[in-house]
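Enquirer: Top line first, the protein sequences correspond to chains H and V.
Each residue of the first sequence is one higher than the one before, starting from 1 at the first, in the working numbering.
Each residue of the second sequence is one higher than the one before, starting from 1 at the first, in the working numbering.
A few of these clues could be false.
[Said to hold, decoys possible] Taking lysine-lysine pairs in the BS3-like style, the calculated list, with each CA pair at most 25 Å apart, reads:
1) H:K42 to H:K116
2) V:K30 to H:K141
3) V:K222 to H:K2
[Unchecked claim] Derived DEER-like restraints, expressed as beta-carbon distance ranges:
4) V:R137 to H:D114: 50 to 56 Å
5) V:L133 to H:K116: 42 to 48 Å
6) H:S180 to V:G187: 30 to 36 Å
These are computed hints drawn from the structure, not numbers from a lab.
All C-beta atoms in this analysis are idealised placements derived from N, C-alpha and C, irrespective of residue type, glycine included.
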Amino acid sequence: MKYRSAFDIIGPVMIGPSSSHTAGAARIGRVARTLFGRQPTKAEIYLYGSFAKTYKGHGTDVAIVGGILDYDTFDERIPGSLQLAEQLGMEIVFSVEEAVVDHPNTVRIKLFDDDKEMELVGISIGGGSIEIIELNSFALKLTGEHPAILVVHNDQFGVISKVTYLLAQHEINIGHMEVSRKEKGKMALMVIEVDQNIDQNLMDEIAQLPHITQVIKMVD
Amino acid sequence: MLFKNAAELVELAEREQIKIAEVMIRQEVKVSGRTREDIIAQMDRNLTVMEQAVERGLNGVTSVSGLTGGDAVLLQKYIKSGKALSGHTLLDAVSKAVATNEVNAAMGTICATPTAGSAGVVPGTLFAVKDVLNPTREEMIEFLFTSAAFGFIVANNASISGAAGGCQAEVGSASGMAAAAITEMAGGSPSQAAHAMAITLKNMLGLVCDPVAGLVEVPCVKRNAMGASNAMTAADMALAGITSRIPCDEVIDAMYRIGQTMPSALRETAEGGLAATPTGRRLEKEIFGNKAKAVK
Numbered sequence: 001m002k003y004r005s006a007f008d009i010i011g012p013v014m015i016g017p018s019s020s021h022t023a024g025a026a027r028i029g030r031v032a033r034t035l036f037g038r039q040p041t042k043a044e045i046y047l048y049g050s051f052a053k054t055y056k057g058h059g060t061d062v063a064i065v066g067g068i069l070d071y072d073t074f075d076e077r078i079p080g081s082l083q084l085a086e087q088l089g090m091e092i093v094f095s096v097e098e099a100v101v102d103h104p105n106t107v108r109i110k111l112f113d114d115d116k117e118m119e120l121v122g123i124s125i126g127g128g129s130i131e132i133i134e135l136n137s138f139a140l141k142l143t144g145e146h147p148a149i150l151v152v153h154n155d156q157f158g159v160i161s162k163v164t165y166l167l168a169q170h171e172i173n174i175g176h177m178e179v180s181r182k183e184k185g186k187m188a189l190m191v192i193e194v195d196q197n198i199d200q201n202l203m204d205e206i207a208q209l210p211h212i213t214q215v216i217k218m219v220d
Numbered sequence: 001m002l003f004k005n006a007a008e009l010v011e012l013a014e015r016e017q018i019k020i021a022e023v024m025i026r027q028e029v030k031v032s033g034r035t036r037e038d039i040i041a042q043m044d045r046n047l048t049v050m051e052q053a054v055e056r057g058l059n060g061v062t063s064v065s066g067l068t069g070g071d072a073v074l075l076q077k078y079i080k081s082g083k084a085l086s087g088h089t090l091l092d093a094v095s096k097a098v099a100t101n102e103v104n105a106a107m108g109t110i111c112a113t114p115t116a117g118s119a120g121v122v123p124g125t126l127f128a129v130k131d132v133l134n135p136t137r138e139e140m141i142e143f144l145f146t147s148a149a150f151g152f153i154v155a156n157n158a159s160i161s162g163a164a165g166g167c168q169a170e171v172g173s174a175s176g177m178a179a180a181a182i183t184e185m186a187g188g189s190p191s192q193a194a195h196a197m198a199i200t201l202k203n204m205l206g207l208v209c210d211p212v213a214g215l216v217e218v219p220c221v222k223r224n225a226m227g228a229s230n231a232m233t234a235a236d237m238a239l240a241g242i243t244s245r246i247p248c249d250e251v252i253d254a255m256y257r258i259g260q261t262m263p264s265a266l267r268e269t270a271e272g273g274l275a276a277t278p279t280g281r282r283l284e285k286e287i288f289g290n291k292a293k294a295v296k
């Protein structure tokens, strides 16, 4: 079931005018910001489908940038986010794409600063609900509604069990988990949605395990 | 999950002899792990947002584009003139639905029900029938949970996205949700609520999403007016004992399949329908100039 809560239907409380093109867009931007871990110095935003055709009228552009600035769907700074981003020295590049994609409301966001870059693809599935379907060219499914950790690792036997063993030792319950890789034996990604928030110590412990490249936290 | 379709929802409510709102609250407790008090408090806050949006709209707002705003005020004045042909409650619901969507179009704060473009129907009808049925605050919160239960079924078995299923998925769903909630608040049975939902949605099948200039304004604001009046009428029909010959779940399924076969031009792309009329195109040009689709 795509929708699990009464508040997916009666909600979110948001700045108008569109739940999918404004609130959903802001949520995708905010998940990108959370996964990046800090405010980027540059954001490239590629709009597809209905997002590409109607973004101006729906405020999709200001909503995504508002999300990248860490604003929630009801933050009244959203309409002025482009100016605020400029004041904060964040460079924004928009691109309207012609390519046909699976979901009509799709956006690709690339975030950069001096030290790193990150790329994700998000879809807004209706009523403000979203899914992240791609991160750094890994296919995944992340709703942003639960705390989660994303673990980039080498595709070796035993790595998954070491991570889940650590979670078990800390009495963290896994709600949903998936693993994807680009090529056998190369880089792989674990997406683990959990019921409890994960503290920094546990994050560090996971990062120190063999074959782990990076651990990213996604807070509820 | 306690239910996944309307048949299961009605069966559960009638077997346990509880309201549909109560089934939704119990499911929310079960799925979220949160307390009942916490869940009701959150819905109470959403109700407050809706109240404030209606109030703001009735005082008059104008959107950034200038395309919408002020119609809720006109309608309230007309109701007060005593010349209205439709009943007071019906027009009051329409004006409050319009008020909410005018606030939404003006980038004001609203609560999506189930979406922002269709956010007027549920609060519009709620605050109109409130004056007739005199519900408690708790009963108004229940109205929203009943709406949520039917919206939840549509969202999971069909769609609530205009880009995926057209306006039938947005204002159509909202109208059906409101009809069921009005029916329950007026003392109708769970089965009557499901019939009200079915009757409403049947009348919305095939409705396209064709926003002029891609803005959630024309025709969205007036579609919420129509969604509210449709919900009121269908609730009265269900309360009169009229049933839908096609069961609620099959109507929802039909809506889903119609949405799947609807051309992309009529699913929130601003390429067809009213958006593609000469006036629609002229308005688009006036608002965005010729750079409407250029790279920023």
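Enquirer: Mind checking the alpha carbons of K42 of chain H and K116 of chain H for me, to see if they're no more than 25 Å apart?
Expert: holds (11 Å)
Enquirer: Is it true that L133 of chain V and K116 of chain H lie within 42 to 48 Å of each other by Cβ?
Expert: violated (58 Å)
Enquirer: Between K222 of chain V and K2 of chain H, is the straight-line Cα distance small enough, at 25 Å or below?
Expert: violated (29 Å)
Enquirer: Within 30 to 36 Å: is that where the Cβ-Cβ distance between S180 of chain H and G187 of chain V falls?
Expert: For S180 of chain H and G187 of chain V the Cβ distance comes to about 52 Å; the hint is violated.
Enquirer: Given the hinted pair K30 of chain V and K141 of chain H, is their alpha-carbon gap at most 25 Å?
Expert: holds (23 Å)
Enquirer: Could you tell me whether the CB distance from R137 of chain V to D114 of chain H stays inside 50 to 56 Å?
Expert: holds (53 Å)
In summary, the structure is inconsistent with hints 3, 5 and 6 from the numbered list given earlier, while agreeing with the others.
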